[in-house]
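Participant: Given next are the chains, with one letter for each unit.
Protein chains: 2
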Amino acid sequence: MKIGLDIMGGDFAPEAVVLGAIESYQFLSPDQKLVLIGNQEIARKIIRDNHFDENCFEYVHTTEVIGMAEHPTKAIAQKPSSSIGIGFQLLKEGKIDSFASAGNTGAMLVGAMFSVKAIPSVIRPAIAGIVPKLKGGCGIILDVGANADCKPDVLVQFGILGSLMAESLYDIDQPKVGLINIGEEKEKGNLLCQATFPLMAENKQFNFVGNIEGRDLFTDQADVFVCDGFTGNVVLKLAENFYDITLKKGMRDEFFDRFNYEQYGGSPILGVNAPVIIGHGISNPEAIKSMVLLSKNTVESGLIEKIKKAFL
Amino acid sequence: MKIGLDIMGGDFAPEAVVLGAIESYQFLSPDQKLVLIGNQEIARKIIRDNHFDENCFEYVHTTEVIGMAEHPTKAIAQKPSSSIGIGFQLLKEGKIDSFASAGNTGAMLVGAMFSVKAIPSVIRPAIAGIVPKLKGGCGIILDVGANADCKPDVLVQFGILGSLMAESLYDIDQPKVGLINIGEEKEKGNLLCQATFPLMAENKQFNFVGNIEGRDLFTDQADVFVCDGFTGNVVLKLAENFYDITLKKGMRDEFFDRFNYEQYGGSPILGVNAPVIIGHGISNPEAIKSMVLLSKNTVESGLIEKIKKAFL
Chain A
5 MKIGLDIMGG DFAPEAVVLG AIESYQFLSP DQKLVLIGNQ EIARKIIRDN HFDENCFEYV
65 HTTEVIGMAE HPTKAIAQKP SSSIGIGFQL LKEGKIDSFA SAGNTGAMLV GAMFSVKAIP
125 SVIRPAIAGI VPKLKGGCGI ILDVGANADC KPDVLVQFGI LGSLMAESLY DIDQPKVGLI
185 NIGEEKEKGN LLCQATFPLM AENKQFNFVG NIEGRDLFTD QADVFVCDGF TGNVVLKLAE
245 NFYDITLKKG MRDEFFDRFN YEQYGGSPIL GVNAPVIIGH GISNPEAIKS MVLLSKNTVE
305 SGLIEKIKKA FL
Chain B
5 MKIGLDIMGG DFAPEAVVLG AIESYQFLSP DQKLVLIGNQ EIARKIIRDN HFDENCFEYV
65 HTTEVIGMAE HPTKAIAQKP SSSIGIGFQL LKEGKIDSFA SAGNTGAMLV GAMFSVKAIP
125 SVIRPAIAGI VPKLKGGCGI ILDVGANADC KPDVLVQFGI LGSLMAESLY DIDQPKVGLI
185 NIGEEKEKGN LLCQATFPLM AENKQFNFVG NIEGRDLFTD QADVFVCDGF TGNVVLKLAE
245 NFYDITLKKG MRDEFFDRFN YEQYGGSPIL GVNAPVIIGH GISNPEAIKS MVLLSKNTVE
305 SGLIEKIKKA FL
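As they're listed, the protein sequences go chains A and B.
Numbering-wise (the working numbering), the first sequence opens with residue 5 and increments by one.
Numbering-wise (the working numbering), the second sequence opens with residue 5 and increments by one.
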């Protein structure tokens with residue numbers, strides 16, 4: 005297995021990313037190789053400076069970097085030799101089995117769509133966010149930003165994608181899939197939810213448990229929380245906001261601590277033909293380590309193959 | 005001034021509502037009369053049992069009650085003699101100057117629309133939610149549930165309504181109005197936000213400060229947070245959820261404490277021809293007292309007249 009990692013992506017790249025790669029090394033078996041994509045000299049220097057063995061990793065040297073604020077489509081088109089551009093090239097050619105970056109989220113999404121592409125019959129791939137649940141374990145929210153506007157059939161597919169992810173990556177048997185809505189009854193909600201509810205209820209590919217209100221997020225009412233990317237993004241950022249507030253106030257708590265993005269390793273893009281993980285821009289080495297392990301787990305679990313099969 | 009209060013509405017009515025009325029009495033001047041609408045015998049008995057003077061209040065006896073789970077439109081049509089039905093009748097006839105209830109939210113909204121009606125040119129009245137801000141004071145989110153689906157011109161009007169409310173009820177000079185969105189840049193967001201941004205930017209009736217992300221709610225970036233009723237409801241319930249979690253965990257904090265709905269007194273319906281306040285279903289006497297005082301402040305501030313003028 006070859007795990008591709010963009011060492012130029014993220015607010016603290018390349019230092020934090022290379023340090024994260026070093027931290028993750030001990031969790032990889034000999035046949036699992038981490039491929040560092042980016043400026044090779046810098047990477048090797050950081051590794052040497054930290055008294056680690058350069059030969060533990062493979063390297064693909066790249067010369068360009070897509071900045072965090074660059075326009076995604078333009079950047080992907082104009083910088084094919086960037087670490088993100090080369091990463092997706094390698095992924096498309098099967099030279100790496102997964103690709104992860106804490107860099108420009110939009111460029112990661114556009115890069116994935118242009119290179120490995122959406123799985124046939126998947127209308128719109130989604131970015132899956134991971135949140136802790138009050139009683140332990142974690143829940144999946146999707147979409148958290150890839151598709152600000154969604155149609156009902158797209159939300160139904162998010163149910164399938166999220167359910168397979170919960171099963172494959174978090175060993176949840178028959179994951180409960182809920183629809184984020186503003187009332188419990190099936191006729192409640194905006195036009196999108198009203199049209200989506202009956203389609204989810206009749207779908208046989210996942211275990212639909214009905215509407216979930218804002219007050220019931222983080223409970224065990226569902227394992228997968230489906231919504232359009234606008235709602236998901238607002239919800240996720242608001243949750244992070246609360247976590248940050250508790251941190252700043254020194255309010256330590258087991259549940260709030262589990263909002264710490266570092267341990268989740270990032271957000272997979274679900275519905276494309278290969279494992280792609282987007283890390284948080286502010287990723288530190290710990291977060292990068294988690295991202296590498298999430299990449300490994302995604303490949304090992306065969307999630308992508310399961311999704312392809314579900315959409316045959 | 006006559007402040008109408010539905011004593012039959014809310015999970016703990018009529019006991020909690022009448023007790024709240026008693027608590028509010030000391031904050032009213034002699035010319036401010038609280039009109040208790042509901043079962044008169046029960047009201048008088050609770051007042052006597054609490055050794056308070058029955059003559060401090062006015063009474064309008066009603067015989068029917070709209071339950072918390074009843075279908076709003078049906079209930080309003082079929083129970084004209086309910087406390088909510090009679091309350092709106094009195095409000096329409098000018099026999100009370102404001103009407104407040106912690107009962108069925110939908111029935112309050114439908115009742116307001118059918119009786120005092122929307123102000124001409126207001127396309128869709130909104131329910132305004134009140135949230136604390138980190139650095140003190142409070143922010144207004146609207147809509148929080150009256151309109152699950154909104155058009156851009158409706159959101160622009162929410163900006164006007166929220167701005168006038170912030171100015172009138174919270175003495176905020178030139179309130180900052182933000183659009184809840186999933187990116188800071190003006191071209192970001194779903195189709196609704198993309199179409200709304202330029203309309204808000206060119207509007208001269210309020211101080212538009214641009215997009216506000218989920219991570220920036222509760223900050224001083226804005227005083228008024230505009231969104232459709234679906235987003236607002238999810239956000240508000242999620243915020244309440246976090247507050248409840250901190251409460252259950254015994255994590256006391258000045259900021260989180262200010263999420264306590266009891267002190268805000270409920271959510272005004274903005275854009276109708278008279279002051280209407282919807283209280284939280286679980287209102288205790290403290291919350292009811294706040295609802296009475298919010299009613300009083302709304303009448304005194306002339307908010308409704310200001311809104312009518314803005315929409316002339």
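Worth flagging that the hints you see were computed from the coordinates, not collected in a lab.
Any given hint might turn out to be false.
Copies of the same chain look alike in the list, so a pair counts if it works inside one copy or between any two.
To be verified - Cut-off 30 Å, straight-line C-alpha distance, at most; resulting in silico cross-link-like pairs (DSS-like, lysine-lysine):
1) LYS96 to LYS49
2) LYS37 to LYS190
3) LYS252 to LYS180
4) LYS192 to LYS241
Participant: Each hint: holds or not?
Facilitator: Status of the hints after comparison with the structure:
no.: 1; hint: LYS96 to LYS49; result: within (29 Å within a copy, 78 Å between copies)
no.: 2; hint: LYS37 to LYS190; result: neither (48 Å within a copy, 42 Å between copies)
no.: 3; hint: LYS252 to LYS180; result: between (34 Å within a copy, 25 Å between copies)
no.: 4; hint: LYS192 to LYS241; result: both (25 Å within a copy, 15 Å between copies)
Checked against the numbered hints given earlier, this structure breaks only hint 2.
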